[in-house]
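Engineer: Listed in order, the protein sequences are those of chains A and B. Take 1 as the starting number for the first sequence in this note's numbering and just add one per residue. Take 1 as the starting number for the second sequence in this note's numbering and just add one per residue.
Calculated from the structure, these hints are not laboratory results. On a predicted model such as this, the values are computed, not experimentally measured, just so you know. Misleading hints may appear alongside valid ones.
Claimed, not checked - Cβ-to-Cβ under 7 Å is the rule here; a few derived chain A residues that face chain B:
hint : residue
1    : ALA5
2    : ALA9
3    : ARG218
4    : LEU224
5    : PRO228
6    : GLY229
7    : PRO271
8    : ALA278
9    : LEU279
10   : LYS282
Stated by the list, open to error - Here are the computed distance ranges between Cβ atoms for each label pair:
hint : chain 1 : residue 1 : chain 2 : residue 2 : range
11   : A       : ALA306    : B       : ASP84     : 51 to 61 Å
12   : B       : GLU72     : A       : PRO328    : 35 to 45 Å
13   : B       : ARG96     : A       : ALA306    : 29 to 39 Å
14   : B       : TYR81     : A       : GLN315    : 40 to 50 Å
15   : A       : LEU259    : B       : HIS9      : 31 to 41 Å
A virtual CB, placed ideally from N, CA and C, is assigned to each residue, including glycine.
Chain by chain, the residues:
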Amino acid sequence: MTDAAWIDAALTSARPQAVGALLRYFRDLDTAEEAFQNACLRALKSWPQNGPPRDPAAWLIMVGRNAAIDEVRRVRREQPLPDDEAISDLDDAESALADRLDGSHYRDDILRLLFICCHKELPATQQIALALRVVSGLTVKQIARAFLVSEAAMEQRITRAKARVAQAEVPFETPGAVERSERLVAVAAMIYLIYNEGYSASGETAELRQPLSDEAIRLARLLLRLFPGEPEIMGLTALLLLQHARTAARFDAEGALILLEDQDRTLWNQPMIAEGLALIDKAMRHRRSGPYQIQAAIAALHARAARPEDTDWTQIDLLYGALEVVQPSPVVTLNRAVAVSKVRGAQAALDLIAPLEGRLANYFYFFGVRGALLMQLGRNDEARTAFDRAIALAHSSAEAAHIRMQLDRLMRDSATAQARASQ
Amino acid sequence: MLYALLCYHDEDVVCTWSKDQDAAVMAKLAVIQEKLAKQGRLGPVARLLPTTAATTLRKEDPPLVIDGPYAETKEQLLGFYLVDCANLDEALEVARELGEANPGGSYEIRPVGTFRPGGALA
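Chain A with its partners taken away, still in its complex shape:
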């Protein structure tokens, strides 16, 4: 690896820890970010000459803190900045600092940094944009690209989110156990949102949005390293890995969505699946179930099936039942209906989703599922109506294309049936 590539990777990796610690010192997000930026600039100058420091994060925290304090002094007294020589002998200071900052401090610093991004008053898209900018260090340009908006619009969105956060009271004292677990729940939800922003992309934009999913997995792993004993964080990480493992099989050459049962399973990423399965195995030992663990367990059952017909639908049906209890939602019931149709038939599934229509009247997937179930029962006219409705509600051309494919199949089948009948 070249110097530049190594330094870049080290700066990215150290960023959450360093910005989190600087935020604790300065209690102001802009100051913390600026301090980190300054430290990075100095690292780019110093590291190629002096070699990488033993602990890049500790180095960046100290240099960033000194730079920010110098800046305050300079503004106050209008004195010239001390030159780089004054901070060149960092070795002793670095180890002293690393000694003082124990792991638990780092852990709460990073959690706090993530937590302020999920401020309740911020809409989800702003939360995500802020986290990607502040925690992950993606450039505004990169984030704008992933969200398919202009750089100026994204800049404005992030500035607004920052202003909102600056007004909010950020809790800087070390959190107690209850507060820490509340923060974890909020942060986990945000990481899942980031993942879904990438995952729900349609075929033609999937490549642009993929960095969102990658970044969500990186953050989930980071969180798990900080809180290694939290079964729900294991579940979240497993869920993301198991879903992400299917990426290469999810779209056809035209960018149309390929359903799970039609995917080429040899394209699934086996190392990611192995990691996801190992994490669920670990989480289950705690016997403290939760929504991420259950969803991960469902994804695991799909991952374990070499062929669609090997899928353990009975177990999936049971797991969706458990998910309905801990996280009741019409969408969960709708997903369960797919499992129910495999275990107890299409009619049972239709009965299950019938009461959901009122709440899911604008949900593309509801009519897609209903159409597919009606098609299985041979009620083709009703199926066509449901598919038409689904197309009208589709958010992306990939979604619409997928339903059109089902419609084509329906037309083809009924044409074949008519041809047969007239023979």
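Please build the complex by placing chain B on the supplied structure of chain A, with the hints as guidance.
Structural biologist: Quick look at chain B alone, frame taken from chain A:
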């Protein structure tokens, strides 16, 4: 003399390699592995899953199971086993049994991602 080569790297960096980057590194390593295998000098090669998938058994009485990798610095790596287990519980069972025979210290239990058994060593 047999030598064990233990691989260390920044996990955060390696985990963010793209599939192509990863494959490129593995392909370069495979050339060297191939050469060693032809010379009859290569034993098993394993790539471990990330430390987030690790569990540690402290060989105390009673033994203590902790999520995460072995994180102390006061003890040193002295050896390793490769055991085929159906799940983590089975692996922990094996570790407990070994721990009873040799108390003190810890076992870090890490699932193996990819494994090449290698040939018989001369």
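Engineer: Given the hint of 29 to 39 Å, is the C-beta distance from ARG96 (chain B) to ALA306 (chain A) inside that range or not?
Structural biologist: holds (33 Å)
Engineer: Go through the hint on LYS282 (chain A) and say holds or violated, using the shortest Cβ distance to chain B against 7 Å.
Structural biologist: holds (6 Å)
Engineer: Holds or violated: the hint that PRO271 (chain A) contacts chain B, with Cβ atoms closer than 7 Å.
Structural biologist: Holds, because the Cβ-Cβ distance from PRO271 (chain A) to chain B comes to roughly 5 Å (cut-off 7 Å).
Engineer: Quick one, is the ALA5 (chain A) hint okay against chain B at 7 Å, beta carbons?
Structural biologist: violated (10 Å)
Engineer: Does the hinted range 31 to 41 Å hold for LEU259 (chain A) and HIS9 (chain B) at CB?
Structural biologist: holds (38 Å)
Engineer: The hint names LEU224 (chain A) as touching chain B; please verify it with the least Cβ-Cβ distance against 7 Å.
Structural biologist: holds (5 Å)
Engineer: Okay, ALA306 (chain A) versus ASP84 (chain B) on CB: inside 51 to 61 Å?
Structural biologist: violated (20 Å)
Engineer: A range of 35 to 45 Å was offered for this pair. Does it hold for the Cβ distance of GLU72 (chain B) and PRO328 (chain A)?
Structural biologist: holds (44 Å)
Engineer: Taking 7 Å as the limit, does the beta-carbon of GLY229 (chain A) come near enough to a beta-carbon in chain B?
Structural biologist: Status holds, d = 4 Å.
Engineer: Taking 7 Å as the limit, does the beta-carbon of ALA9 (chain A) come near enough to a beta-carbon in chain B?
Structural biologist: Interface hint status for ALA9 (chain A): holds (5 Å vs cutoff 7 Å).
Engineer: Classify the hint on LEU279 (chain A) as holds or violated, based on whether any CB of chain B lies nearer than 7 Å to its CB.
Structural biologist: Holds - the Cβ of LEU279 (chain A) comes within 7 Å of chain B, reaching about 6 Å at its closest.
Engineer: Next item in the hint list is PRO228 (chain A). Is there a CB on chain B closer than 7 Å to its CB?
Structural biologist: Since chain B brings a Cβ to about 3 Å from PRO228 (chain A), closer than 7 Å, the hint holds.
Consistency with the previously given hints fails for numbers 1, 11 and 14, ordered from lowest to highest.
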